[in-house]
Every structure is written in C-alpha cells, then in structure tokens.
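**Q** Protein chains in written order, with the numbering used here: chain A, 1 to 363; chain B, 1 to 363.
What the hints contain is simulated information worked out from the structure, not anything from laboratory work.
All values derive from a computational prediction rather than experimental measurement.
Each residue gets a CB set at the ideal place from its N, CA and C atoms; glycine is no exception.
Hints should not be assumed to be uniformly reliable.
[Stated by the list, open to error] A few chain B residues facing chain A, derived, Cβ under 8 Å:
#1 A74
#2 I221
#3 F359
#4 E361
[Unchecked claim] With a Cα cut of at most 30 Å, we get these calculated DSS-like pairs of lysine-lysine:
#5 B:K265 / B:K2
#6 B:K312 / B:K265
#7 B:K152 / A:K312
#8 B:K35 / B:K97
#9 A:K2 / A:K289
#10 B:K2 / A:K289
#11 A:K312 / B:K27
#12 A:K143 / A:K35
#13 B:K289 / A:K289
#14 A:K152 / A:K97
#15 B:K357 / B:K312
#16 A:K265 / B:K289
#17 A:K153 / A:K143
#18 B:K153 / B:K35
#19 A:K97 / A:K289
#20 B:K27 / B:K97
#21 A:K265 / A:K289
#22 A:K152 / B:K85
#23 B:K2 / B:K289
#24 B:K153 / B:K186
#25 B:K97 / B:K312
#26 A:K289 / B:K357
#27 A:K312 / A:K85
#28 B:K2 / A:K153
#29 B:K48 / B:K97
#30 A:K85 / A:K97
#31 A:K27 / A:K2
#32 B:K85 / B:K48
#33 A:K265 / B:K186
#34 A:K289 / B:K312
#35 A:K189 / B:K189
#36 A:K143 / A:K312
#37 A:K27 / B:K27
#38 A:K152 / A:K265
#39 B:K289 / B:K97
#40 A:K2 / A:K312
Number of protein chains: 2
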Amino acid sequence: MKIHGRHYRTIWVNDDGWSVQVIDQTKLPFAFETKRLASDDDAADAIKTMVVRGAPLIGATAAYGLCMALRQDASDEALDAAYRKLHATRPTAINLKWALDEMSAAVRNRPRQERVAAAYARAAELCDQDVATNEAIGRQGLKIIEEIAARKKGSQVNILTHCNAGWLACVDWGTALAPIYMAHDKGIKLHVWADETRPRNQGGSLTAYELGAHGVPHAVIADNAGGHLMQHGRVDMCIVGTDRTTANGDVANKIGTYLKALAAKDNDVPFYVALPSSTIDWTIEDGLKEIPIEERSPREITHVMGRTAEGKVVDVELTAPGSPAANPAFDVTPARLVTGLITERGTVPASRQGLLKLFPERA
Amino acid sequence: MKIHGRHYRTIWVNDDGWSVQVIDQTKLPFAFETKRLASDDDAADAIKTMVVRGAPLIGATAAYGLCMALRQDASDEALDAAYRKLHATRPTAINLKWALDEMSAAVRNRPRQERVAAAYARAAELCDQDVATNEAIGRQGLKIIEEIAARKKGSQVNILTHCNAGWLACVDWGTALAPIYMAHDKGIKLHVWADETRPRNQGGSLTAYELGAHGVPHAVIADNAGGHLMQHGRVDMCIVGTDRTTANGDVANKIGTYLKALAAKDNDVPFYVALPSSTIDWTIEDGLKEIPIEERSPREITHVMGRTAEGKVVDVELTAPGSPAANPAFDVTPARLVTGLITERGTVPASRQGLLKLFPERA
Numbered sequence: 001m002k003i004h005g006r007h008y009r010t011i012w013v014n015d016d017g018w019s020v021q022v023i024d025q026t027k028l029p030f031a032f033e034t035k036r037l038a039s040d041d042d043a044a045d046a047i048k049t050m051v052v053r054g055a056p057l058i059g060a061t062a063a064y065g066l067c068m069a070l071r072q073d074a075s076d077e078a079l080d081a082a083y084r085k086l087h088a089t090r091p092t093a094i095n096l097k098w099a100l101d102e103m104s105a106a107v108r109n110r111p112r113q114e115r116v117a118a119a120y121a122r123a124a125e126l127c128d129q130d131v132a133t134n135e136a137i138g139r140q141g142l143k144i145i146e147e148i149a150a151r152k153k154g155s156q157v158n159i160l161t162h163c164n165a166g167w168l169a170c171v172d173w174g175t176a177l178a179p180i181y182m183a184h185d186k187g188i189k190l191h192v193w194a195d196e197t198r199p200r201n202q203g204g205s206l207t208a209y210e211l212g213a214h215g216v217p218h219a220v221i222a223d224n225a226g227g228h229l230m231q232h233g234r235v236d237m238c239i240v241g242t243d244r245t246t247a248n249g250d251v252a253n254k255i256g257t258y259l260k261a262l263a264a265k266d267n268d269v270p271f272y273v274a275l276p277s278s279t280i281d282w283t284i285e286d287g288l289k290e291i292p293i294e295e296r297s298p299r300e301i302t303h304v305m306g307r308t309a310e311g312k313v314v315d316v317e318l319t320a321p322g323s324p325a326a327n328p329a330f331d332v333t334p335a336r337l338v339t340g341l342i343t344e345r346g347t348v349p350a351s352r353q354g355l356l357k358l359f360p361e362r363a
Numbered sequence: 001m002k003i004h005g006r007h008y009r010t011i012w013v014n015d016d017g018w019s020v021q022v023i024d025q026t027k028l029p030f031a032f033e034t035k036r037l038a039s040d041d042d043a044a045d046a047i048k049t050m051v052v053r054g055a056p057l058i059g060a061t062a063a064y065g066l067c068m069a070l071r072q073d074a075s076d077e078a079l080d081a082a083y084r085k086l087h088a089t090r091p092t093a094i095n096l097k098w099a100l101d102e103m104s105a106a107v108r109n110r111p112r113q114e115r116v117a118a119a120y121a122r123a124a125e126l127c128d129q130d131v132a133t134n135e136a137i138g139r140q141g142l143k144i145i146e147e148i149a150a151r152k153k154g155s156q157v158n159i160l161t162h163c164n165a166g167w168l169a170c171v172d173w174g175t176a177l178a179p180i181y182m183a184h185d186k187g188i189k190l191h192v193w194a195d196e197t198r199p200r201n202q203g204g205s206l207t208a209y210e211l212g213a214h215g216v217p218h219a220v221i222a223d224n225a226g227g228h229l230m231q232h233g234r235v236d237m238c239i240v241g242t243d244r245t246t247a248n249g250d251v252a253n254k255i256g257t258y259l260k261a262l263a264a265k266d267n268d269v270p271f272y273v274a275l276p277s278s279t280i281d282w283t284i285e286d287g288l289k290e291i292p293i294e295e296r297s298p299r300e301i302t303h304v305m306g307r308t309a310e311g312k313v314v315d316v317e318l319t320a321p322g323s324p325a326a327n328p329a330f331d332v333t334p335a336r337l338v339t340g341l342i343t344e345r346g347t348v349p350a351s352r353q354g355l356l357k358l359f360p361e362r363a
C-alpha cells in the first residue's frame, strides 16, 4: 500500500541486514512513524504494546523476533526461550504460534552456524507468502462484492467491517479489506461502515486511515450503530478478519464481532470472515470453550489517546474517577452465524466439511 | 440521591421562585456543576446539548421551559411557540411530548393571569410524580432481582445495563437503576456491568459515577463486550431504560441496545426494560417503522471529552483526520427480544396484551 505516494509494507528488514523496522501503529492516525526492533525483546514488546497488531502481522513480527534471538545465540535453548517469550505475548491469535512453528521447523535441524541465515530467509518467505495469500483472499472476496453489486444493479454496495483487518494488520493488502480495495479499484461503487472498535479504536483510527489514504468512501460509526443500520437495510454485507478460526468454523475476532454477526443473522445480511489458512487452528473445534480470550488492561477502557485542537496527542481519562473496568479483547462468533469463510483457496461455509473441501490435506 | 452527603434531584426551582437549576451532565464525571436555566431558550438548549438527558428528565426540563415561556408571555401564541421549540429539541423521546401535553392541558383553559402559577404547580407535580413512579418501578424490578438472587442461592447477581437510566436520567431514583439501588440497599450481592455507551459515554461516565457514589460494585466495559460476557454465563439479567416504547412493546433506546438484546436472546439471559408509563407511545405499533431516530453530530464520534493527567478536561480527536462519521443516536429493539416491561404498575410481557393488562384504560 502507498502512503504519501511511497509503497510500504508494515514490516521490513533494515539496510543493516538484520534489524527490523515496523510502522508504529500506536501513533496512527495522528502520526506516521516507524520503529526499529533490534532484539527478540523489542519484538515481544512491540506485539504486547500493539505497536504491531493484526494476526498476520503479529506472526511476521514474531518470526523476525526469533531471527534476532538466534543472531545473539543460535543454540536450541535460546531458540526455545525466544519461542516461549514471543508466544506468550498474545494468547488469542493463532498465527503467532503458526509463524513460530514454521520458523522453528526451518532452523532446528540445521547446524548452528546456518541457523541465522535460514531464519531470515524463512521470515522473508513468510512475509512474501502473507502478501500473496492476502492478494488471493482479495480476489476471492471480490467475487462476492461483484455479485452484490450486480444484484444492486450498480447502486452503492454498503459494507460493514469491525476492527482493522486491512494492510496494517498484515504485511500488505489486508484480509477483510483486500476485497474492498480490489472492488474499489475495479470501479465498483462502495461505501464502508467502519466500526470504531473500542476500546483501542482500531476501526476509527487504522481502518479509517487506510480507507481514507486509498480513497475508499467510508464513515466511522460507534460500535453500537451497526445493528440499527442493518435493521434499516443500510448494510449489504459484513466482512471481518479473525485471530483464530477453529476446525469447525468458529471465529475468534476482536471483541464485538459476535454482536455484529447476531445482527447480521437477524437481518439476513451476509456475514463473511476473511482469513489466511494460517489462522485456522485445526486442533480445536469449539471456539467458545477452547480459544483463550486475552484480558487486557482496564486502562484501555478508562483512558483513550486523542489529539487536542492544538495538535498535541494526549492520553485522557474517560470514566468516573476510580471506576473499575473489565477488558476482554476478543469474542467468539459461532460458525452458525457466519455466512462464509473467505480463504486464499476459495470461499466455503463455516464448517469442518466446508474447510476440508479446500484443505483436504487436513482430513 | 445523595452527592457528597447532600440530597439532590436533577432539577429544581431556585429560591427566586421561577428560574430552574439543573445538574450539568456534560461536566460529569469530571466535575459536579449545576446550571441555571432562566428561559425556554435555556431549557431547549440544555436539552439539545445534553446538559440534561434521559427521557424523564428531558420531560421535566421541557415542562419548566414552558413555565418560563409563559412567565414572559402567557398568550396562547406564546404557549404554542414554546411548545414547538421545546418539542423540536429531541425527536426520539416521547416523554418530551407527554410532558408538554400535560403542561398545555393544565394551562390552556385558564385565564392568562393564572397560567404561570398553574404551570409551575403542574411542573412540580410532574417532577414529584416522576420520583414516585420510579420508586414504584424500583419495587417492581426489585422482585425480579430477588428471584434471581434466590435462584443463585445468594451468590452475586450480575446485571448488565446500557447507557444511563439512573437518577441522572430522571428527577430522582432512575428507571433501570432504581431496582438495582433497592436490591443493593437490601443487602443483595450484586455487580453491574456498565456499558460505556459510545459515543457520549453515558455509561462509563454517568452510570459508573452514580453506582460508585452509591457504593454499588460495578465495572465499565466496552459496548463490544456484553455478548462475550453473556456467552460465558457472566450476566444474569439485562435491564435498560427506554426513550419510547410502542403500544406493542417495541423499545427505542440508546443506540446499541438492540445488539445487547440479540445477545441476551441468543444466550437465554432475561432482558428487561424499565419505564414509566409516560414513555409508552400508544399511538404507534411498529417501532422500526414509526419511531423517528435522531441523527446527532458526527463530532460525537470523531471527538471525545476526557481529563488529562494534569486534571484538565479537554476535547480530543479520536479518528483519522478528515474521516467522515455517522451518528444515529437510538435504535429499536423489537418486542420479541424483550423479556418484560417493568412499569410502575407491574411487569408484563412486551406486547399489546401485556401492556393493556396494566393499562386497561388504553384499550
């Protein structure tokens, strides 16, 4: 994606050949800044503090974290310690574990002196693969948008999305937003309702920032508003990302996704989830029982970052002084509420049979 | 209700005998300030800018607005003009019209020189009536909480509420919160999940402020979180207020209420709506088609007021610069999702038959 006319990915290796640069997403939408990560600790911190976020980008960052750890110490013990440290940063997203497993497999059976180079090579592959996968997801999702546009005979297609599953959540393109970018670029008239996505406002900041930069018509709405818009026929489809999808199609995603899926069902609005297959956790079935849900700091509820009229970015308290708060960061949308899973190999019903049709090697 | 040990209503006539004082709710939870209203214009502004809010309190403020207009000019023309001005302030809440109609009826057939005194007397009655009604609602709702507490054998009752339907929304007591205060005062162990209620955060500010001041255990949550909590058995009942309920039990309330009602239904959590009968619009049936939904300024989405670490209250921008926003302020929860309507006369199913059982005079 381009920012100020220059092409960016969200993560890249610096000219020194080993340290990693990322876009600091805690600074968006108020400032575009990048941040240098020079160790596995830096990578773990960047994930934990959400300098980087989004399931695919978390995986890519962890991969480079492992590279930097091996650069310090290429032993099995160091590899295991870095794996554990990076894996512990966020409990819900499965891509994190997937990326770390891919990296481990790429280096473990090699002599120590080859491990660093092998790790960097594999991390670069994972990033390129993420871009290609998302482009494929975009093409699959585009078909769905084209069908809706055809049915609406060219009148505006209204799409609701929750949180940010755009290129900022990935290495490039995005998952849920990739089809939207492609449809827009093909000249399909569309408009996006971007859920604000409290508490961290990734919709109002990151999604709106992305869509605005690309010129896609959109409006930020309170997380409360989607149901009302669907009741009044103002949403033609929902499309969201996911941090982990179970083998039977239950979808963990940013808190509040479940509420939108309920409203979509109640109003016959198709509800799609876009995901690279690395987000599927084939080891579990029941998302509600088996996916760990991260509980984040109450401070994300009681405080928010914003820009004053003078252009200063400040952290302000929103709630009554001393009010306790609770902050579960994800919820699980049962497969029965999901119209389809859009993967790099195609779109299928959210079910074991559906997924196995595309990924028969998992049967 | 008491603040710093002193009993307050949300609105009262000043010692001058005619101007009106209200708690400035735009300043809460950061400061407790009151504001003097000295004309119908002041009253209309206070309603429009949400210095006062909450269906019952809007009605009370409009009633005194009419008193102050008549004090300037007691003619029929002035009465009609003030009625129209005050009625136009907020389109969704029906108590506003109800209170204005009550006031009109109390003065219209009197000689002009008696109108001002009659108006102030009627406004005071409406306020006292609101307090008595809410106390009765509290007693009705208390029974439901007691039943749940008995079923849970004394373990904590978890109640979710959306927006603020507490004493700050009324003259005193509150509608949805009245049963909670009574249950807490009776020693029932309970805990309230207060939905933040974006965009204006009346839950995170006003409800949390009220509950904290009264000592009721609570936690503020993102509007996105309620569904997840219900999925995991962490909500025993939902109780909300309403700005207008139709003759067949459809409920207009703060945007996002519908989403919580869907989640409650999906998880077999009882979903109650507490309302004075003045909130029932007997003239309409289909809430989705017939209740006008106020669209408020996009600035309520793109900006928020908060307190800096230095204690300064500032308005900050949250979204990507230039991002458009949409801001419908209410939604309609269909009667089929409502377990019961808690009124001053009792609790009944959300249906015409249910309501007519309590209000046979409307048959």
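**Q** Against each hint, give a clear statement of whether it holds in the structure.
**A** Hints and how they fare:
1. A74: violated, 42 Å
2. I221: holds, 5 Å
3. F359: It is violated, given that the least Cβ distance between F359 of chain B and chain A is near 27 Å, above 8 Å.
4. E361: Constraint on E361 of chain B not satisfied, violated at 32 Å.
5. B:K265 / B:K2: violated, 36 Å
6. B:K312 / B:K265: violated, 42 Å
7. B:K152 / A:K312: This hinted pair is violated, its Cα atoms lying about 50 Å apart.
8. B:K35 / B:K97: holds, 23 Å
9. A:K2 / A:K289: Answer violated: K2 of chain A to K289 of chain A is near 41 Å, above 30 Å.
10. B:K2 / A:K289: Given pair K2 of chain B, K289 of chain A is violated - Cα atoms ~44 Å apart, limit 30 Å.
11. A:K312 / B:K27: Satisfied, since the Cα-Cα distance of roughly 22 Å is no more than 30 Å.
12. A:K143 / A:K35: Measuring from Cα to Cα gives roughly 37 Å; hence the hint is violated.
13. B:K289 / A:K289: With Cα atoms ~39 Å apart, K289 of chain B and K289 of chain A exceed 30 Å; violated.
14. A:K152 / A:K97: violated, 42 Å
15. B:K357 / B:K312: violated, 52 Å
16. A:K265 / B:K289: Cα-Cα ~20 Å, so holds.
17. A:K153 / A:K143: Given pair K153 of chain A, K143 of chain A holds - Cα atoms ~15 Å apart, limit 30 Å.
18. B:K153 / B:K35: violated, 46 Å
19. A:K97 / A:K289: At roughly 19 Å apart (the allowed maximum being 30 Å), K289 of chain A and K97 of chain A satisfy the hint.
20. B:K27 / B:K97: With a Cα-Cα distance of about 26 Å, the restraint between K27 of chain B and K97 of chain B holds, given a limit of 30 Å.
21. A:K265 / A:K289: Status holds; Cα separation ~22 Å.
22. A:K152 / B:K85: Given pair K152 of chain A, K85 of chain B is violated - Cα atoms ~41 Å apart, limit 30 Å.
23. B:K2 / B:K289: violated, 40 Å
24. B:K153 / B:K186: holds, 15 Å
25. B:K97 / B:K312: Roughly 38 Å between the alpha carbons, so the hint for K97 of chain B and K312 of chain B is violated.
26. A:K289 / B:K357: violated, 43 Å
27. A:K312 / A:K85: Violated: K312 of chain A and K85 of chain A sit about 35 Å apart, past 30 Å.
28. B:K2 / A:K153: With Cα atoms ~60 Å apart, K2 of chain B and K153 of chain A exceed 30 Å; violated.
29. B:K48 / B:K97: With a Cα-Cα distance of about 15 Å, the restraint between K48 of chain B and K97 of chain B holds, given a limit of 30 Å.
30. A:K85 / A:K97: Holds. K85 of chain A to K97 of chain A sits at ~11 Å (cutoff 30 Å).
31. A:K27 / A:K2: holds, 18 Å
32. B:K85 / B:K48: holds, 11 Å
33. A:K265 / B:K186: Since the Cα atoms of K265 of chain A and K186 of chain B sit roughly 41 Å apart, the hinted pair is violated (cutoff 30 Å).
34. A:K289 / B:K312: violated, 44 Å
35. A:K189 / B:K189: With Cα atoms ~54 Å apart, K189 of chain A and K189 of chain B exceed 30 Å; violated.
36. A:K143 / A:K312: With Cα atoms ~43 Å apart, K143 of chain A and K312 of chain A exceed 30 Å; violated.
37. A:K27 / B:K27: The given pair, whose Cα atoms are some 29 Å apart, holds under the 30 Å limit.
38. A:K152 / A:K265: Within the cut-off at roughly 20 Å; holds.
39. B:K289 / B:K97: Holds, at about 19 Å.
40. A:K2 / A:K312: With a Cα-Cα distance of about 26 Å, the restraint between K2 of chain A and K312 of chain A holds, given a limit of 30 Å.
When each numbered hint is compared with the structure, violations occur for hints 1, 3, 4, 5, 6, 7, 9, 10, 12, 13, 14, 15, 18, 22, 23, 25, 26, 27, 28, 33, 34, 35, 36.
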